[in-house]
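Enquirer: Numbering-wise (the numbering used here), the sequence shown opens with residue 1 and increments by one.
The reader is advised that the hints may include incorrect statements.
Claimed, not checked - As a list, the in silico DSSO-like pairs of lysine-lysine whose alpha-carbon atoms are at most 27 Å apart:
{"no.": "1", "residue 1": "K427", "residue 2": "K6"}
{"no.": "2", "residue 1": "K378", "residue 2": "K427"}
{"no.": "3", "residue 1": "K59", "residue 2": "K427"}
{"no.": "4", "residue 1": "K250", "residue 2": "K427"}
{"no.": "5", "residue 1": "K52", "residue 2": "K375"}
{"no.": "6", "residue 1": "K250", "residue 2": "K378"}
{"no.": "7", "residue 1": "K120", "residue 2": "K59"}
{"no.": "8", "residue 1": "K59", "residue 2": "K250"}
{"no.": "9", "residue 1": "K211", "residue 2": "K378"}
{"no.": "10", "residue 1": "K372", "residue 2": "K211"}
{"no.": "11", "residue 1": "K120", "residue 2": "K372"}
{"no.": "12", "residue 1": "K309", "residue 2": "K250"}
{"no.": "13", "residue 1": "K372", "residue 2": "K427"}
{"no.": "14", "residue 1": "K120", "residue 2": "K375"}
{"no.": "15", "residue 1": "K211", "residue 2": "K59"}
{"no.": "16", "residue 1": "K250", "residue 2": "K372"}
{"no.": "17", "residue 1": "K250", "residue 2": "K6"}
{"no.": "18", "residue 1": "K211", "residue 2": "K120"}
{"no.": "19", "residue 1": "K211", "residue 2": "K250"}
{"no.": "20", "residue 1": "K309", "residue 2": "K372"}
{"no.": "21", "residue 1": "K250", "residue 2": "K375"}
{"no.": "22", "residue 1": "K120", "residue 2": "K309"}
{"no.": "23", "residue 1": "K427", "residue 2": "K211"}
{"no.": "24", "residue 1": "K120", "residue 2": "K378"}
{"no.": "25", "residue 1": "K120", "residue 2": "K52"}
Just so you know, the hints here were simulated from the structure itself, not pulled from any lab data.
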Amino acid sequence: MPFIEKITFTLFLIFIFWLPIPLGSNRPLAWSFNEIWLALIMLSCLFIFPLKHWVNCIKRTIVIVLPLLITATWSLIQSIPNLHLSQDPGLVLVSALKGFHYLQLCLVSSVLIYNSTTLKLLATVMLAAGITQAFYASVINLLHLDHSLIFELPLGSRASGSFVYHNHLANFLMLNLCIGFGLLAAQLADSKSVGIKNNMAHFLSVLLNDKTFVRLGLIIMVIALVLTRSRMGNVSFFIALVVGCALLLKHYKLKSKSVYILIFSLFIVDTFIVSNWFGLEKIKQRLVATSLETESRDDVIEYSLAAVKERPLSGFGAGTFYSTFPAYNQGNVQLFYDHTHNDYIQFTLEYGLVTVMLLGGMIVLSARHGLKAFKRRKNRLMRGIGLSSLMAIIGMTVHMSVDFPLQAPATAMYFILCLMMAHWSLKIPSSSYKTRGTTVATVNH
Numbered sequence: 001m002p003f004i005e006k007i008t009f010t011l012f013l014i015f016i017f018w019l020p021i022p023l024g025s026n027r028p029l030a031w032s033f034n035e036i037w038l039a040l041i042m043l044s045c046l047f048i049f050p051l052k053h054w055v056n057c058i059k060r061t062i063v064i065v066l067p068l069l070i071t072a073t074w075s076l077i078q079s080i081p082n083l084h085l086s087q088d089p090g091l092v093l094v095s096a097l098k099g100f101h102y103l104q105l106c107l108v109s110s111v112l113i114y115n116s117t118t119l120k121l122l123a124t125v126m127l128a129a130g131i132t133q134a135f136y137a138s139v140i141n142l143l144h145l146d147h148s149l150i151f152e153l154p155l156g157s158r159a160s161g162s163f164v165y166h167n168h169l170a171n172f173l174m175l176n177l178c179i180g181f182g183l184l185a186a187q188l189a190d191s192k193s194v195g196i197k198n199n200m201a202h203f204l205s206v207l208l209n210d211k212t213f214v215r216l217g218l219i220i221m222v223i224a225l226v227l228t229r230s231r232m233g234n235v236s237f238f239i240a241l242v243v244g245c246a247l248l249l250k251h252y253k254l255k256s257k258s259v260y261i262l263i264f265s266l267f268i269v270d271t272f273i274v275s276n277w278f279g280l281e282k283i284k285q286r287l288v289a290t291s292l293e294t295e296s297r298d299d300v301i302e303y304s305l306a307a308v309k310e311r312p313l314s315g316f317g318a319g320t321f322y323s324t325f326p327a328y329n330q331g332n333v334q335l336f337y338d339h340t341h342n343d344y345i346q347f348t349l350e351y352g353l354v355t356v357m358l359l360g361g362m363i364v365l366s367a368r369h370g371l372k373a374f375k376r377r378k379n380r381l382m383r384g385i386g387l388s389s390l391m392a393i394i395g396m397t398v399h400m401s402v403d404f405p406l407q408a409p410a411t412a413m414y415f416i417l418c419l420m421m422a423h424w425s426l427k428i429p430s431s432s433y434k435t436r437g438t439t440v441a442t443v444n445h
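My request is simple: use the sequences and hints to build the entire structure.
Expert: Rendered as structure tokens:
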């Protein structure tokens with residue numbers, strides 16, 4: 001890797017690690033700074049890589065690049081005041097710029113992540129960001145501080161890390177837990193070990209070296225996830241974990257002891273022992289106490305659906321729920337809602353059914369690619385990344401049904417990277433060498 005490319009790739013990894021730090025990048029100053037940072041990285045990539053490399057790399061992720069391009073372009077068109085496609089073109093323009101920022105992330109990551117080494121580094125940095133957030137959130141919560149150390153934001157009883165909203169932290173941790181699970185699965189041997197000595201040696205190999213970092217990181221993130229007291233954040237991870245473990249048991253034909261050890265430790269040590277120690281019972285109480293009749297969110301959803309019926313295909317404009325909803329509130333909702341607590345409905349209200357179906361197809365195809373990579377690839381890393389991307393997609397689609405995790409740029413961009421990982425895990429060769437203009441595969445599986 002040339003020196004300039006190394007610098008650019010390092011700046012990209014720092015950018016990925018940085019994303020959740022400034023309040024989940026969910027403030028105008030934060031996302032504006034990020035847009036400039038990523039634009040400079042993209043400018044560097046334009047000078048580093050020839051056109052042929054761009055074309056070959058973007059072909060791998062075209063299923064994601066094209067829908068995001070169409071979505072951002074549609075938002076830009078809606079922001080034109082003379083077309084009268086939205087009552088608040090200013091908010092739509094801000095969302096359009098975010099959309100092109102997400103597209104920029106896809107393009108930059110597509111050309112920088114072109115082999116198994118860069119893919120593993122990206123996954124490791126994302127995992128490190130999750131562990132850092134989890135450690136910071138857990139310490140602050142367990143110290144019972146009234147205000148955060150950096151931004152002096154008021155803190156409640158739920159862990160939120162550097163995010164403002166605790167459910168955004170929960171979703172961020174869920175995504176990185178799935179990545180960590182996939183990296184651990186990539187370390188498993190696909191063969192039977194014989195004898196107590198070999199079993200013990202293999203068990204120790206799961207716990208030593210880089211696996212120790214991943215395993216301890218998962219425990220720290222589970223603790224923080226429980227401390228968020230997020231009902232669906234915990235439920236979505238549990239569902240993704242069950243699916244991931246089931247796929248491991250089904251598709252590892254010659255199961256080693258480490259497969260069972262990994263699954264046993266995740267369910268027993270993490271889910272039950274550690275979680276109960278740090279307050280799983282409080283989450284259970286919140287789940288039992290949850291009732292659509294006692295919350296006003298169901299009214300918000302009902303009134304939002306009424307708005308959707310008025311403009312089902314085109315929507316009211318990206319980012320305009322804040323200004324659109326009051327006109328449809330029939331008075332039963334007294335609390336302030338700037339989001340629907342259901343990303344499916346909010347995206348439909350803002351973007352329209354056509355765009356939502358396009359984005360939905362993108363997610364479904366990505367999940368399919370992740371599953372195919374896990375089932376068909378022989379390379380352990382690619383199998384693990386495919387599994388982690390599939391788990392992240394499952395967890396996100398569950399969480400989106402009751403909250404708005406994609407409204408925070410940090411979680412949205414991490415989810416986009418998870419979608420891209422599904423395609424990389426299937427299409428990036430296991431071993432490759434880079435020539436001027438393209439990447440040549442030496443091993444296909």
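Enquirer: State for each hint whether it applies.
Expert: Structure-based check of each hint:
About 23 Å separates the Cα atoms of K427 and K6, which keeps this hinted pair within 27 Å; it holds. With a C-alpha separation of about 12 Å, the suggested pair K378 and K427 falls inside the 27 Å cut-off, and the hint holds. Only pairs whose Cα atoms come within 27 Å are accepted, and K59 paired with K427 is accepted, the gap being roughly 10 Å. Proximity of K250 to K427 is assessed by CA-CA distance (about 23 Å); at most 27 Å being required, the pair is judged to hold.
Distance check on the hinted pair: K52 and K375 sit about 30 Å apart at the alpha-carbon level, beyond 27 Å; violated. For the given pair, K250 sits about 15 Å from K378 by alpha-carbon distance, which is consistent with the 27 Å threshold. For the hint pairing K120 with K59, the CA-to-CA distance comes to about 20 Å; that is within 27 Å, so the pair holds. Taking the CA atoms of K59 and K250, the gap is near 31 Å; set against the 27 Å cutoff, the hint is violated.
Between the alpha carbons of K211 and K378 the distance comes to roughly 20 Å, so the proposed pair stays at or under 27 Å and holds. For a cut-off of 27 Å, the pair hint linking K372 to K211 stands: about 25 Å separates their Cα positions. Using a Cα cut-off of 27 Å, the hinted pair K120 and K372 holds, with the two alpha carbons roughly 19 Å apart. Using a Cα cut-off of 27 Å, the hinted pair K309 and K250 is violated, with the two alpha carbons roughly 43 Å apart.
Taken as a hint, the K372 and K427 pair is honoured in the structure, with Cα atoms around 11 Å apart against an allowance of 27 Å. With a C-alpha separation of about 19 Å, the suggested pair K120 and K375 falls inside the 27 Å cut-off, and the hint holds. A threshold of 27 Å between alpha carbons decides the hint, and for K211 with K59 the separation of about 33 Å lies outside it, so the pair is violated. Of the supplied pair hints, the one linking K250 and K372 holds, its CA atoms being roughly 14 Å apart against a limit of 27 Å.
Taking the CA atoms of K250 and K6, the gap is about 39 Å. The hint is violated against a cut of 27 Å. With a C-alpha separation of about 13 Å, the suggested pairing of K211 with K120 holds against the 27 Å cut-off. This hinted pair checks out: K211 and K250 have alpha carbons roughly 23 Å apart, not beyond 27 Å. Our distance criterion of 27 Å between C-alpha atoms is broken by K309 and K372, whose separation comes to about 37 Å.
The straight-line distance between the Cα atoms of K250 and K375 is roughly 10 Å, inside the 27 Å bound, and the hint therefore holds. Simply put, K120 and K309 have alpha-carbon atoms about 45 Å apart, too far for the 27 Å limit, and the pair is violated. At most 27 Å may separate the alpha-carbon atoms for a hinted pair to count; K427 and K211 meet this at roughly 25 Å. Between the alpha carbons of K120 and K378 the distance comes to roughly 16 Å, so the proposed pair stays at or under 27 Å and holds.
Of the pairs offered as hints, the one joining K120 and K52 holds, with about 24 Å between alpha carbons and a cut-off of 27 Å not exceeded.
In summary, the structure is inconsistent with hints 5, 8, 12, 15, 17, 20 and 22 from the numbered list given earlier, while agreeing with the others.
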